[in-house]
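Trainee: This is what each chain is made of:
Number of protein chains: 2
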Amino acid sequence: MYIDKADKAELSRREAELAAEYEGFKSQKLNLDLTRGKPSSRQLDLSNGMDGILGGGYAAADGTDTRNYGVLEGIHELRKLGGDILGVKPEIVLAAGNSSLELMHRCVHFAYLFGAHEGATPWKDEGRIKFICPVPGYDRHFAITQELGIEMINVAMRDDGPDMDAIEALLRQDPAIRGLWVVPKYSNPTGVVFSDAVVERMAALGRIAAKNFRLFWDNAYAVHDLHDNPPVLANIMDYCERLGTLDSVLQFTSTSKISFAGAGVAFLAASPGNLAKFKKHLGIATIGPDKVNQLRHARMFPDLRALKDRMRLHAEMLRPKFAAVLRSLKENFKDSDLGSWQVPQGGYFVSFDARPGVASEIVRLAAAVGVKLTPAGATFPYGRDPEDRNIRLAPSLPVLAEVEQTMAVFVTCVKLASVRKKLQDLNP
Amino acid sequence: MYIDKADKAELSRREAELAAEYEGFKSQKLNLDLTRGKPSSRQLDLSNGMDGILGGGYAAADGTDTRNYGVLEGIHELRKLGGDILGVKPEIVLAAGNSSLELMHRCVHFAYLFGAHEGATPWKDEGRIKFICPVPGYDRHFAITQELGIEMINVAMRDDGPDMDAIEALLRQDPAIRGLWVVPKYSNPTGVVFSDAVVERMAALGRIAAKNFRLFWDNAYAVHDLHDNPPVLANIMDYCERLGTLDSVLQFTSTSKISFAGAGVAFLAASPGNLAKFKKHLGIATIGPDKVNQLRHARMFPDLRALKDRMRLHAEMLRPKFAAVLRSLKENFKDSDLGSWQVPQGGYFVSFDARPGVASEIVRLAAAVGVKLTPAGATFPYGRDPEDRNIRLAPSLPVLAEVEQTMAVFVTCVKLASVRKKLQDLNP
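Keeping their order, the protein sequence lines are chains A and B.
When the first sequence is numbered by this note's numbering, its final residue is 490 and no position is left out of the sequence of numbers.
When the second sequence is numbered by this note's numbering, its final residue is 490 and no position is left out of the sequence of numbers.
Hints are computed from structural coordinates only; laboratory data are not their basis.
Keep in mind it's a predicted model, so treat the numbers as computed, not measured.
Errors might be hidden in some of the hints.
Because identical chains share one entry, a pair is satisfied inside a single copy or across any pair of copies.
In silico lysine-lysine, DSSO-like type, Cα no more than 30 Å apart, as pairs [said to hold, decoys possible]:
no., residue 1, residue 2
1, 192, 342
2, 192, 341
3, 273, 186
4, 151, 396
5, 434, 483
6, 483, 392
7, 434, 370
8, 396, 88
9, 484, 392
10, 342, 186
11, 434, 342
12, 434, 341
13, 186, 341
14, 273, 151
Bound conformation, chain A alone:
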């Protein structure tokens, strides 16, 4: 269906059909939720062996009693696991609690209050500062910077990563830029994997940017491939080493979508200087992370191979759900002017761009028949999608039949909202 080619009579006819279809959903009393990138309970079952995995032994490999206080940087075997996931040495990795978001939040807050590096002016004392935000992006990133009143500047995401020309130009023109949020592999929500060229240019930003600029490299989906022979993300820290820009990057990941979403282990990888500065402030906030849970993870994932085996099982469970979403989008919108989307090779999302001005209405329509979607605008700073068109679909949590039901509702809502908007535009 190409509604830009349809005349008013046809649009009205379609509107009536779609409205009837939509009314039909009401009687189904649906209660579906495609809002968040949560693992399903079947995925979580894969790690049920966590309980009892220690066999009563609580000593780390170096003899550390994981039950007691201390070891701010985490136990060595987990730092190694985090390093293996990210392709860096364990020495530059800190293994923490259950939330990589918390690590990012801390890094932003510490830079804001105490400076990004030893001797740096705290961001809070630098007047109006700014972060660059490729869009659509991750709402929880934006919330951290918004809460501190840090101005966020949108930059477009492309098929190979953010618009690097725009980012480099911004950094050259605007001395107030202090950060950049990215999810470099299976980007949230577009699923884009940054190309080697983009990664290299990202690593080089430290040469253009202020010394207290930080690239927040949220590598949340580092091993979260849906298929064999997945795309490979270039190692930004290798580039940084060569370019002398290691201080400009803070890298994050976690096992939240590997083991338990709420009870995994989060990691920070950073230059020795950044890590020392982080630990200095972290050591004021806490005596140390939950090392017992770290040890459980070390037992369950003795090496990267074991972890990747687990990821293949996750992929088997996720693939049919992603396939259902993509099939539905293709069947309904391939030959249409109603929307576009990317086909992700991993991660947790499918990003759908509707026609401008209808995303909020799609979400509203779906909610009214019991289908919760991520609020329109959530993928943009300040919750404002300037074109009101992006919707993030997160198919991981529901069972397959529910994903299919949800998509049936979704595509009807997309069509109905689009046709109504077009009719409105024709009858202003």
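Starting from the known structure of chain A, arrange chain B on it as the hints suggest.
Mentor: Relative to the frame of chain A, chain B by itself:
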């Protein structure tokens, strides 16, 4: 020994004897540590059943899947347990991660950045602000406020709690005071339990203080009694309810010294307004706490009775160590002018006040023969004990024989440093 009564000749003779005794320790090549309030491995063994305690079941009582994301305030059964420890309703309790220090740190930081209550000016925008710090106190409290440049004012600890006259006078005179750090039961390090009168006056501070003043009520040792029929701490929140000052108090505790020091569950109890404000900002930092670990705790401690049974086992292990410290102090210093101490009925510390000006030297002497003591001054803001006399002894971690060895060194160092100081004073 009363060195103020001894003449120079006697002091010189004693100095020679003590120096010889001290030299004797050198050959023993000791490696002892009485620095931190850590549980011993035997105490930690009491909770080894944590591993496997879930029997593969990860659902909370209300059906919540603890493995997944969410539930910012923690699972209900743990909020109830925290509430029972503190004598408050579960509705005003938040169950968090493994560190109550982290909760305090967050409360200070959130008030500093975003205001202590909805609509309050952030502390950072109020110019020079101050905290009252009863001394000796807990070094990690002081570190949080010091890091933010918050001025700390010393107030004396007495046998029944801090000097309330001084605190009330300060609050009346100085509008810049925004906080007060206390450990109300088995105070760190003195072991003092606040009297009912002190607790009531603490609860009434909210009537004198600024609306955005907060009392940090670190009830770390709420159930950490050494003996049966322990002293009872009055319930500050009951007083607050009556006085209408509930917003002025933030109460903290944790299971760190009940289950695992590094893998327990921390709690914040606060007024509905304070809790809502805290959750608003916490929700930007994290998606939720480790609920699986909370569930383990719910299984291990189904009610307060089970938890108190566990505390009796801890007490059995701790009593001989405290007895050894107190016996040594009594035997050596009862009839002397060399120092004074309090006899704690619980908690993790014995606080010793040497003669003015010798604490640093005692710690230095002990370190030089392989006995680590908490750095002199650590129990004061900025690490500065104005009289250089307080030393915190933490006998929980070493085995009994080591505690006894340590005390043998300690008392010798106290005597030697005191005699030498006196000789110096006589020969300036």
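Trainee: Next, verify each hint and record whether it holds.
Mentor: For each hint, the structure was consulted:
no. : hint      : verdict
1   : 192 / 342 : both (25 Å within a copy, 23 Å between copies)
2   : 192 / 341 : both (25 Å within a copy, 26 Å between copies)
3   : 273 / 186 : both (16 Å within a copy, 25 Å between copies)
4   : 151 / 396 : neither (45 Å within a copy, 56 Å between copies)
5   : 434 / 483 : within (21 Å within a copy, 75 Å between copies)
6   : 483 / 392 : within (22 Å within a copy, 87 Å between copies)
7   : 434 / 370 : neither (32 Å within a copy, 45 Å between copies)
8   : 396 / 88  : within (27 Å within a copy, 83 Å between copies)
9   : 484 / 392 : within (22 Å within a copy, 90 Å between copies)
10  : 342 / 186 : both (19 Å within a copy, 21 Å between copies)
11  : 434 / 342 : between (42 Å within a copy, 22 Å between copies)
12  : 434 / 341 : between (40 Å within a copy, 23 Å between copies)
13  : 186 / 341 : both (20 Å within a copy, 23 Å between copies)
14  : 273 / 151 : within (24 Å within a copy, 49 Å between copies)
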